[in-house]
Amino acid sequence: MSEAAISGAGTMPGSSTLVDDWSADKQAYHVPWGKAMMWIFLVSDTFIFTCFLTGYLHVRLTTTEPWPLQSEIFALSFGGDPIPLILIAIMTFILITSSGTMALAVNFGYRRDKAKTFWFMVATAAFGASFVGMQAFEWSKLILEEGVRPWGNPFGAAQFGSIFFMITGFHGLHVTAGVIYLLTVAFKVKKGHYDKKGYEIVEIAGLYWHFVDLVWVFIFAFFYLL
Amino acid sequence: MAYVPLADQDSEMEMHHPHSWVTKYVWSQDHKVIAIQYGGLAIAVGVVALVLSLLMRMQLGFPETFDLIDPSSYYQSVTMHGMIMVVYMLTALLLGGFGNYLIPLMCGARDMVFPFLNMLSVWVYALSVIILMASFFVDGGPTGAGWTLYPPQTAMAGTPGHDMGIVLMLLSLAVFIVAFTMGGLNYVTTILQYRCRGLTMMRLPLTVWGIFIATILGLFAFPALLVSAIMMLFDMLLGTSFFMPAVIESGTPLDHNGGSPILFQHLFWFFGHPEVYIVALPAFGLVSDVLSTHARKNIFGYRMMVWAIIAIGGLSFIVWAHHMYVSGMNPYFGFFFATTTLIIAVPTALKVYNWVLTLWEGDIRLNAPMYFAIGFIFTFIHGGLTGLFLGNVVIDLPLSDTYFVVAHFHMVMGVSPVLVIFAALYHWYPKVTGRMFHEGMAKAHFWCTFLGTYAIYLPMHYLGFLGVPRRYYAMGSTDFIPESAQDLNVTITYAALFVGAAQLLFFINIFWSLRNGEKAGPNPWGSASLEWQTPDTPPVHGNWGDELPTVYRWAYDYSVPGAHEDFIPQNVPESVEPTADEQHFDPDHDTSKADV
Chain A
963 MSEAAISGAG TMPGSSTLVD DWSADKQAYH VPWGKAMMWI FLVSDTFIFT CFLTGYLHVR
1023 LTTTEPWPLQ SEIFALSFGG DPIPLILIAI MTFILITSSG TMALAVNFGY RRDKAKTFWF
1083 MVATAAFGAS FVGMQAFEWS KLILEEGVRP WGNPFGAAQF GSIFFMITGF HGLHVTAGVI
1143 YLLTVAFKVK KGHYDKKGYE IVEIAGLYWH FVDLVWVFIF AFFYLL
Chain B
0 MAYVPLADQD SEMEMHHPHS WVTKYVWSQD HKVIAIQYGG LAIAVGVVAL VLSLLMRMQL
60 GFPETFDLID PSSYYQSVTM HGMIMVVYML TALLLGGFGN YLIPLMCGAR DMVFPFLNML
120 SVWVYALSVI ILMASFFVDG GPTGAGWTLY PPQTAMAGTP GHDMGIVLML LSLAVFIVAF
180 TMGGLNYVTT ILQYRCRGLT MMRLPLTVWG IFIATILGLF AFPALLVSAI MMLFDMLLGT
240 SFFMPAVIES GTPLDHNGGS PILFQHLFWF FGHPEVYIVA LPAFGLVSDV LSTHARKNIF
300 GYRMMVWAII AIGGLSFIVW AHHMYVSGMN PYFGFFFATT TLIIAVPTAL KVYNWVLTLW
360 EGDIRLNAPM YFAIGFIFTF IHGGLTGLFL GNVVIDLPLS DTYFVVAHFH MVMGVSPVLV
420 IFAALYHWYP KVTGRMFHEG MAKAHFWCTF LGTYAIYLPM HYLGFLGVPR RYYAMGSTDF
480 IPESAQDLNV TITYAALFVG AAQLLFFINI FWSLRNGEKA GPNPWGSASL EWQTPDTPPV
540 HGNWGDELPT VYRWAYDYSV PGAHEDFIPQ NVPESVEPTA DEQHFDPDHD TSKADV
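Residue numbers (my numbering), protein chains in the order written: chain A, 963 to 1188; chain B, 0 to 595.
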């Protein structure tokens, strides 16, 4: 007998399995404990970033001075005219690419291809590290050359700098933590630490990594583009 | 994927059996030891907060008598009393203490899913307490901004502790949230993923449901507090202006401009209101189990109780601005938040009716835990009804920031959860220690506490109607406050000192009974839920010996017709004893496992 048959006719497909999962004496989700916990953590973390972003939007409305033009501040010139947001575009591209390599690592993890899993995880971590590196470059350029400080900047509302350092800093910490996490897991994969336990850990690390990327998309849209 | 009953998944559980005294009692990964560490520390800081409240009462009852209490130290006492009681005492004790002890036992699990993280949680909590307590010893003392920490007042020179005190407070809160998150993830995952065979969600005791939903609320609400703490720390340390508008202090403008104090209020209360239910929901759950056990009757409307907990949890996220009616907001917002606030009364009242109906025609055993549980119903109805007053905008405006508000929240989220905590501590004391407490002393403790709290908080409602403002150091000579108000204040202070002293009965009782109490046996109350069915009392590391239990019924099979005793433990098969459980689910003949 199938699960759908037990829960009775008339229920939507899919919903019946959900109801069955929750009303049975088994785990509510067919996933390892770590994965369930990571999902719950990520939902909680989503609330943190949502609070940051709504706080930012609110402060941007209440501040009395004009908001600086991001496209001018975040512009780089390679000899010719400055190109707006070019560094941020590259950073975004790199981070999204790293999500792709992470997905490949997860795939090879489930195929128990340790070498490829390892190298794709290292590649992901390298992309992440270069993202943080470029962020450090962006910070130092703003601080040293353009005089942006958390408490004030030459372009307009002081909150611009405050928000910038706080949100990109908090996200940068997440990326840095992710790089360390990925490398730890990658080396354990290489050593065969998970041969017995299974390779779900790669996917769990991947969940975190994709989340950090997704958050960046929102930061990019709300802070740099809006 | 083939069905694997949870009980057979022991391989995922890595048990670290302790080898030395240190790993057994200090760096312990056993949820029961962690629970006692959490609970003990929470009660200890609770005592600090209690002493602070007595200092406040002495000042209010006898102004200009004690040199020790000046306006600054009065405000610091107000602030620290509130913050400690709400966050460091109630939250930590109900979730960290009772959550840790009861979740694995009631779920038939060996431990939390990640014991190491659980151990980190309690020690990070200890760190947050140390940081908080350190603020008493820095220059300027702890912050005196009130437990809501509203800016810009927190940062103004007139507020005590506006430099180091507030920084340590915010830091301590941030650390506490980290600790809570580590514990909370464990509680939720354990309940979802590590229930024993036969234990469906709808067979969980209401304690577990209350703690489960409260923890989810915490995981979604504490982020708002974390963010506001980080932003305010930036304001304090880096000179940013997230919450600080342009302020002129004694003629000089401060270095802040363009921030929004209202933003802080929104963030704070987006945390602050769910926080009320983070405290209340576990208390609802615990009291349901205590009432049902000692009334020898199944909990009335179990499913309704579960859905009420979920509904209250959901609604608690869309009512926060009822704390901000006087902050100024669009009248339509006030209308919205008043409506949602009053809707919460529906599931809450439903729970109260169900508790009363559980008692109805029950075979009530008036044991000490039952005293406290029934006392809770009184104080909770009382505090809940005044909540209906304050939920309405037009009634809230004149009552806002008066002693009516103080009376309301102390009845509903101060005294009520504390009575439940005492009920629960006495109820589970025999399981935790293996010995009975002294019944007479516990009942004396109940009467002093219960009647004493009414003597304290009932008059406060009248003070509030008179318009006596809260948080005032001294009333001075104010025309609208009659002199008789001071008589009430003196009475309240005597009552408060009496109740404070009466808590000694509790401490004497639990420590005296550790050695001198009667041996309790495994199940002194004749309770049906799983934690009383452990092979050892107190339960040992791993809880269940060689084999995890199998559950055949809900946790409320009391006085079932045809049964041999007036309770049937959850792990007794239906073939042996009948059940009153509506849900006929037999793990030995579970069709849903057949060919999945």
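A couple of the hints might just be wrong.
[Said to hold, decoys possible] Straight-line C-alpha distance at most 30 angstroms; calculated DSSO-like pairs for lysine-lysine:
| no. | chain 1 | residue 1 | chain 2 | residue 2 |
| --- | --- | --- | --- | --- |
| 1 | A | Lys997 | A | Lys1152 |
| 2 | A | Lys1103 | A | Lys997 |
| 3 | A | Lys997 | A | Lys1078 |
| 4 | A | Lys1103 | A | Lys1159 |
| 5 | B | Lys518 | B | Lys442 |
| 6 | A | Lys1103 | A | Lys1150 |
| 7 | A | Lys997 | B | Lys23 |
| 8 | A | Lys1159 | B | Lys23 |
| 9 | A | Lys1158 | B | Lys442 |
[Claimed, not checked] Covered stretches of chain A, going by a simulated chain B footprint (3 or more residues, C-beta under 8 angstroms):
| no. | segment |
| --- | --- |
| 10 | 998-1010 |
| 11 | 1014-1028 |
| 12 | 1072-1078 |
| 13 | 1081-1087 |
These are calculated hints, taken from the structure and not from any lab test. Even for Gly, the Cβ is constructed at its ideal location relative to N, Cα and C.
Here is what the structure says about each hint:
1. At roughly 21 angstroms between alpha-carbon atoms, Lys997/A and Lys1152/A fall within 30 angstroms of each other, so this suggested pair holds.
2. A threshold of 30 angstroms between alpha carbons decides the hint, and for Lys1103/A with Lys997/A the separation of about 39 angstroms lies outside it, so the pair is violated.
3. Proposed proximity of Lys997/A and Lys1078/A is supported: the alpha carbons are some 22 angstroms apart, at most 30 angstroms.
4. Using a Cα cut-off of 30 angstroms, the hinted pair Lys1103/A and Lys1159/A is violated, with the two alpha carbons roughly 46 angstroms apart.
5. The hinted pair formed by Lys518/B and Lys442/B meets the criterion: a straight-line CA distance of about 19 angstroms does not exceed 30 angstroms.
6. A threshold of 30 angstroms between alpha carbons decides the hint, and for Lys1103/A with Lys1150/A the separation of about 37 angstroms lies outside it, so the pair is violated.
7. A hinted pair counts as satisfied when its Cα atoms are at most 30 angstroms apart, and Lys997/A with Lys23/B qualifies at roughly 29 angstroms.
8. Of the supplied pair hints, the one linking Lys1159/A and Lys23/B holds, its CA atoms being roughly 27 angstroms apart against a limit of 30 angstroms.
9. Our distance criterion of 30 angstroms between C-alpha atoms is broken by Lys1158/A and Lys442/B, whose separation comes to about 56 angstroms.
10. A count of 9 residues in the segment 998-1010 of chain A with a Cβ less than 8 angstroms from any Cβ of chain B is obtained; the coverage claim is therefore met, three being the minimum.
11. With 8 residues having a Cβ less than 8 angstroms from any Cβ of chain B, the segment 1014-1028 of chain A passes the three-residue criterion, so the hint holds.
12. Coverage of the segment 1072-1078 of chain A by chain B is violated. Counting CB-CB distances below 8 angstroms, 0 residues qualify, and the rule asks for three or more.
13. Coverage of the segment 1081-1087 of chain A by chain B is violated. Counting CB-CB distances below 8 angstroms, 0 residues qualify, and the rule asks for three or more.
Of the numbered hints stated above, those contradicted by the structure are hints 2, 4, 6, 9, 12 and 13, listed in ascending order.
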